[in-house]
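My request is simple: use the sequences and hints to build the entire structure.
Those protein sequence lines, which keep their order, are chains P and Z.
Per our numbering, residue 1 is the first one in the first sequence, and the count goes up by one each step.
Per our numbering, residue 1 is the first one in the second sequence, and the count goes up by one each step.
Simulated from the structure, these hints should not be mistaken for lab results.
Computed from a prediction, not measured in an experiment: that's the story for all the values here.
Ideal Cβ placement from N, Cα and C applies to all residues, glycine included.
Treat each hint with caution, since some may be false.
Claimed, not checked - So these bits of chain Z aren't anywhere near chain P, every CB distance computed over 12 angstroms:
#1 GLU15
#2 LEU72
#3 ALA219
#4 PHE419
#5 ARG420
#6 SER455
Claimed, not checked - Footprint (simulated), chain Z over chain P, 3 or more residues, beta carbon under 8 angstroms:
#7 113-120
#8 180-192
#9 231-239
#10 248-256
#11 343-352
#12 360-367
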Amino acid sequence: MSTPLPPEGGTPETPGQTSTGGQQPTSEPRGGETSASAAGSIRERLRNPGPQSSGGDTRGSHLTGDDFVNTDTSAALEDSGRGMGQLSQDSPPEGVEIDQPRGNDLDPAAARASERKVSALFLLSVLAVVAFLGVYWFAPFQFGVENGNTYFTPMLGLTMAVALFGIGAGAVVWAKELMVDEEAVQMRAPFGSPPEERKATALALQQGFRDSGLPRRTLLRNSVLLGGGALAALPVPLLFGLGPYAHKERALERTAWKKGVRLIRQNGTPVKLGDLPIGAVESVFPDVPRGTKAADSTALLIRMRPEALIPVKGREDWSVDGHIVYSSVCTHLGCPVKLYEQQTHNLLGPCHQSTFNAADGAQVKFGPAARPLPQLAISVDPEGYFVAQGDFHEPIGPSYWERHQS
Amino acid sequence: MSATTHDDGPVLTGEPIAPTTLGGKAVAGSAAWMDDRISGSNFVRRSLNKVFPDHWSFMLGEVALYSFVILLLTGTYLTFFYDASTREVIYAGSYLPMKGITMSQAYASSLDISFDVRGGLLMRQIHHWAALLFMASIVVHLFRVFFTGAFRKPREINWVIGVLLMILGIVEGFAGYSLPDDLLSGTGLRIAYSIMLSIPVVGTWVAFLVFGGEYPGDAIIERLYAIHILLVPGIILGLITAHLMLVWYNKHTQFAGPGRTEDNVIGSRLFPAYAAKAGGFFFLVFGVLAALGGFAQINPIWNYGPYDPSQVSAGSQPDWYVGWLDGSSRLMPNYEIRELGHTIPLNILLPAVVMPGILFTLMIVYPWLESRFTGDKGYHNILDRPRDVPVRTAVGVMSITFYVVLLLSGGNDIIAHVFRVSVNHTTYAGRIGLFVLPPLAYVLTKRVCYALQRSDEELLHHGIESGTIRRLPSGEFIEETVPMPVPQRLALRGVESDRPMLQGPTAHGVEGHATGPGHGDLHMVETAPAKVRGFFFEKKASGSTAAPRPESSTPELETSGRPSQPE
Numbered sequence: 001m002s003t004p005l006p007p008e009g010g011t012p013e014t015p016g017q018t019s020t021g022g023q024q025p026t027s028e029p030r031g032g033e034t035s036a037s038a039a040g041s042i043r044e045r046l047r048n049p050g051p052q053s054s055g056g057d058t059r060g061s062h063l064t065g066d067d068f069v070n071t072d073t074s075a076a077l078e079d080s081g082r083g084m085g086q087l088s089q090d091s092p093p094e095g096v097e098i099d100q101p102r103g104n105d106l107d108p109a110a111a112r113a114s115e116r117k118v119s120a121l122f123l124l125s126v127l128a129v130v131a132f133l134g135v136y137w138f139a140p141f142q143f144g145v146e147n148g149n150t151y152f153t154p155m156l157g158l159t160m161a162v163a164l165f166g167i168g169a170g171a172v173v174w175a176k177e178l179m180v181d182e183e184a185v186q187m188r189a190p191f192g193s194p195p196e197e198r199k200a201t202a203l204a205l206q207q208g209f210r211d212s213g214l215p216r217r218t219l220l221r222n223s224v225l226l227g228g229g230a231l232a233a234l235p236v237p238l239l240f241g242l243g244p245y246a247h248k249e250r251a252l253e254r255t256a257w258k259k260g261v262r263l264i265r266q267n268g269t270p271v272k273l274g275d276l277p278i279g280a281v282e283s284v285f286p287d288v289p290r291g292t293k294a295a296d297s298t299a300l301l302i303r304m305r306p307e308a309l310i311p312v313k314g315r316e317d318w319s320v321d322g323h324i325v326y327s328s329v330c331t332h333l334g335c336p337v338k339l340y341e342q343q344t345h346n347l348l349g350p351c352h353q354s355t356f357n358a359a360d361g362a363q364v365k366f367g368p369a370a371r372p373l374p375q376l377a378i379s380v381d382p383e384g385y386f387v388a389q390g391d392f393h394e395p396i397g398p399s400y401w402e403r404h405q406s
Numbered sequence: 001m002s003a004t005t006h007d008d009g010p011v012l013t014g015e016p017i018a019p020t021t022l023g024g025k026a027v028a029g030s031a032a033w034m035d036d037r038i039s040g041s042n043f044v045r046r047s048l049n050k051v052f053p054d055h056w057s058f059m060l061g062e063v064a065l066y067s068f069v070i071l072l073l074t075g076t077y078l079t080f081f082y083d084a085s086t087r088e089v090i091y092a093g094s095y096l097p098m099k100g101i102t103m104s105q106a107y108a109s110s111l112d113i114s115f116d117v118r119g120g121l122l123m124r125q126i127h128h129w130a131a132l133l134f135m136a137s138i139v140v141h142l143f144r145v146f147f148t149g150a151f152r153k154p155r156e157i158n159w160v161i162g163v164l165l166m167i168l169g170i171v172e173g174f175a176g177y178s179l180p181d182d183l184l185s186g187t188g189l190r191i192a193y194s195i196m197l198s199i200p201v202v203g204t205w206v207a208f209l210v211f212g213g214e215y216p217g218d219a220i221i222e223r224l225y226a227i228h229i230l231l232v233p234g235i236i237l238g239l240i241t242a243h244l245m246l247v248w249y250n251k252h253t254q255f256a257g258p259g260r261t262e263d264n265v266i267g268s269r270l271f272p273a274y275a276a277k278a279g280g281f282f283f284l285v286f287g288v289l290a291a292l293g294g295f296a297q298i299n300p301i302w303n304y305g306p307y308d309p310s311q312v313s314a315g316s317q318p319d320w321y322v323g324w325l326d327g328s329s330r331l332m333p334n335y336e337i338r339e340l341g342h343t344i345p346l347n348i349l350l351p352a353v354v355m356p357g358i359l360f361t362l363m364i365v366y367p368w369l370e371s372r373f374t375g376d377k378g379y380h381n382i383l384d385r386p387r388d389v390p391v392r393t394a395v396g397v398m399s400i401t402f403y404v405v406l407l408l409s410g411g412n413d414i415i416a417h418v419f420r421v422s423v424n425h426t427t428y429a430g431r432i433g434l435f436v437l438p439p440l441a442y443v444l445t446k447r448v449c450y451a452l453q454r455s456d457e458e459l460l461h462h463g464i465e466s467g468t469i470r471r472l473p474s475g476e477f478i479e480e481t482v483p484m485p486v487p488q489r490l491a492l493r494g495v496e497s498d499r500p501m502l503q504g505p506t507a508h509g510v511e512g513h514a515t516g517p518g519h520g521d522l523h524m525v526e527t528a529p530a531k532v533r534g535f536f537f538e539k540k541a542s543g544s545t546a547a548p549r550p551e552s553s554t555p556e557l558e559t560s561g562r563p564s565q566p567e
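Okay, structure coming up:
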């Protein structure tokens with residue numbers, strides 16, 4: 001490898017070497033047949049006295065050795081190769097019938113019946129196509145409206161199915177009942193190239209590599225590697241252009257809730273103290289522009305009897321008279337947690353069945369969620385409406401790498 | 001039919017009939033025109049003469065291929081009406097319950113396809129059903145390939161391509177499921193976002209770059225659309241092409257039977273019988289999907305409503321091929337690591353990222369794993385019967401059991417509702433079942449395989465019971481058996497006779513056992529684990545199954561060469 005070679009590149013040790021590969025790329029003007037002719041010439045160059053190597057490049061050169069025998073009789077099968085050797089060892093060959101004549105081959109009446117059957121299927125398909133066109137163009141198609149047609153899609157599907165099925169069934173019956181029932185034997189080409197072939201290819205690759213000068217021209221080699229490596233950096237800024245990732249941790253930590261923001265319903269009306277009876281829940285959103293669309297700010301206002309509520313230490317003033325608000329984004333995979341059981345105070349996530357205890361700081365009672373739902377501190381403004389005391393005290397929703405311990 | 005043996009297929013003797021009709025002349029003329037330019041005559045003739053073995057299970061891959069073609073056809077039609085935009089519009093279509101509701105343009109156009117495009121609903125439903133069938137046929141095809149050992153040398157590459165196709169199919173299906181932007185698909189997207197977030201170190205980067213910011217952003221639908229209609233289908237199309245070319249090139253595997261060896265293929269030629277059957281089968285598959293699309297309602301998005309991050313419907317389920325991941329997320333206990341200011345949510349990471357990663361990796365490397373355990377490096381063109389390779393079969397059934405427990409757990413709320421049991425109990429049952437049932441399935445399957453082998457042995461060596469009892473002059477009663485017909489016998493035993501045989505007497509006594517080379521004396525089942533590294537049975541080196549093929553077994557080498565005379 002380290003020995004510099006003359007550019008003519010004839011390696012002394014193999015006669016096949018000189019004529020392989022791209023030594024004379026312009027000397028093959030014959031179009032259309034390049035691979036076959038090139039391979040053929042390889043074979044010529046490789047031709048040793050032995051007959052085996054002449055069968056060399058059988059598959060690459062489109063000269064596949066697909067030995068093909070049509071076996072109408074078991075005698076033909078016997079000719080076809082080693083399969084019979086095995087058979088004759090184990091059992092008398094006359095026990096083998098791999099090609100049984102079909103009734104239709106012998107009985108013209110049965111064949112005509114089959115033909116009629118196939119034709120009937122094809123004609124059925126024609127009828128179904130006509131029906132399809134009729135349904136498509138002339139039937140009223142909308143459903144769920146006045147003068148609508150609930151049956152449009154089923155009718156369309158039915159006619160389409162029959163049209164396709166007729167063609168398909170016809171073709172299959174045709175093949176099974178009317179075409180020649182043969183058991184043809186085809187030999188497989190051997191897997192793997194002959195050793196001479198591999199050797200010649202390896203030599204061609206090696207010599208091409210040497211001829212390119214890469215092994216000895218180290219400056220060239222290193223600059224090519226560097227250039228290729230530098231290209232890999234091109235898509236990197238494009239990749240990072242996919243999304244605004246600046247301050248992504250802050251975006252995950254913050255929601256639209258702020259001090260003094262009112263709690264509104266989905267329809268935009270603010271929630272007043274006393275609107276909810278005991279045991280009721282209400283989906284609440286921050287009263288900010290597009291607050292009902294903020295996926296990270298949806299919360300659930302629950303009213304329970306004040307004595308049922310066990311306030312978490314340090315959160316004694318976060319709730320108002322049995323009204324308590326939790327983020328409704330599950331801490332497992334982010335599904336909305338909205339199912340509330342009045343008696344048990346269970347909050348259930350419908351996606352993966354995480355269960356939280358609303359009366360006890362939304363501690364996890366069951367399921368794959370690992371953390372309680374974050375609680376939103378609320379109070380009541382002078383007009384009697386619920387307002388937030390601030391944002392959630394911790395990031396809402398599923399966990400992530402940068403999430404701080406809490 | 002007169003045919004001569006030739007390495008390029010039969011060169012039929014005689015002259016082709018000169019075309020007389022206008023159509024015949026046009027065909028002959030254009031064929032000659034093409035051949036003048038690309039010299040395809042030889043290739044076409046060899047292709048027409050290619051032999052395909054016949055077995056019903058070989059059609060499973062065809063179903064997947066045809067489903068994909070149908071997906072391309074119906075999907076293209078849907079793109080003409082679908083508008084992948086998160087722009088908010090007020091619905092003004094003909095579906096009354098939605099009138100005046102604010103929704104994304106994506107959801108509105110999906111509703112329009114369903115209500116205001118003639119035949120649009122049919123196309124949408126065929127598309128969805130074809131997607132489900134595509135995944136189902138891939139999975140069943142994979143079972144067939146696995147249990148029959150069709151992935152063995154030289155077909156490992158095609159196994160890998162097949163697994164990649166299945167993974168891409170899941171991605172493609174999930175992306176398509178998300179496009180209508182209804183309530184159900186939005187919930188699925190939120191879960192996907194949360195799974196991305198859970199990846200240590202790079203999770204927030206991945207999630208923000210994929211979604212274009214914090215969830216939901218306004219980019220994801222457009223991006224999924226590009227992925228769904230261009231990127232992934234393009235890759236799938238390329239891989240399918242490679243998959244088929246390799247099948248073509250390596251020739252199809254076949255089951256054991258009369259005359260069938262490792263070196264030949266017995267079946268019908270591509271033209272005309274096989275082509276007619278396969279072409280007809282395409283229309284049958286399409287017909288079934290059209291009937292499903294017409295009659296079986298699927299994904300009625302108008303019932304779910306537009307996506308709203310604050311809402312979810314109970315009993316929300318993904319499409320079936322994602323259900324096992326949903327199930328694993330439900331079963332996982334709530335472990336989470338919180339150390340050094342960082343959080344690693346194992347309750348998401350393990351079931352939704354690590355487990356599928358490990359499983360898909362194991363799947364891809366399985367051919368090499370098995371080859372390493374068995375020491376079998378030989379070529380295999382004759383398929384195994386599952387019972388003949390008990391360990392592989394047991395591993396397969398064990399894996400399927402694992403998968404089914406996860407899949408059922410993905411619907412455990414539905415199960416709890418239908419059977420009126422506590423949903424918590426179904427979760428506990430799933431957690432236990434996930435670790436108890438697969439080993440049980442392994443042991444049971446192996447036992448069943450042994451029993452089936454034993455019954456085969458009975459049939460082969462004892463014969464079929466005729467029901468006749470004969471009394472000998474000595475007064476002894478003997479039963480008469482009928483020897484198995486040869487084709488069945490060969491199908492049972494295989495031509496290569498490489499199956500480990502059972503030791504010990506059969507139920508009918510020792511007379512059932514043949515002795516001599518290849519008849520049990522060299523085989524072992526009970527002693528195999530002690531003798532073989534790993535726990536697979538060692539293949540007996542008989543025939544060309546285990547041993548490298550000697551040069552003399554490839555006679556076609558001696559005759560191959562380009563035909564000297566033009567046709």
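Checklist entry - Looking at the structure, which of the earlier hints fail to hold? => result As far as the earlier hints go, 3, 7, 9 are violated by this structure, in ascending order.
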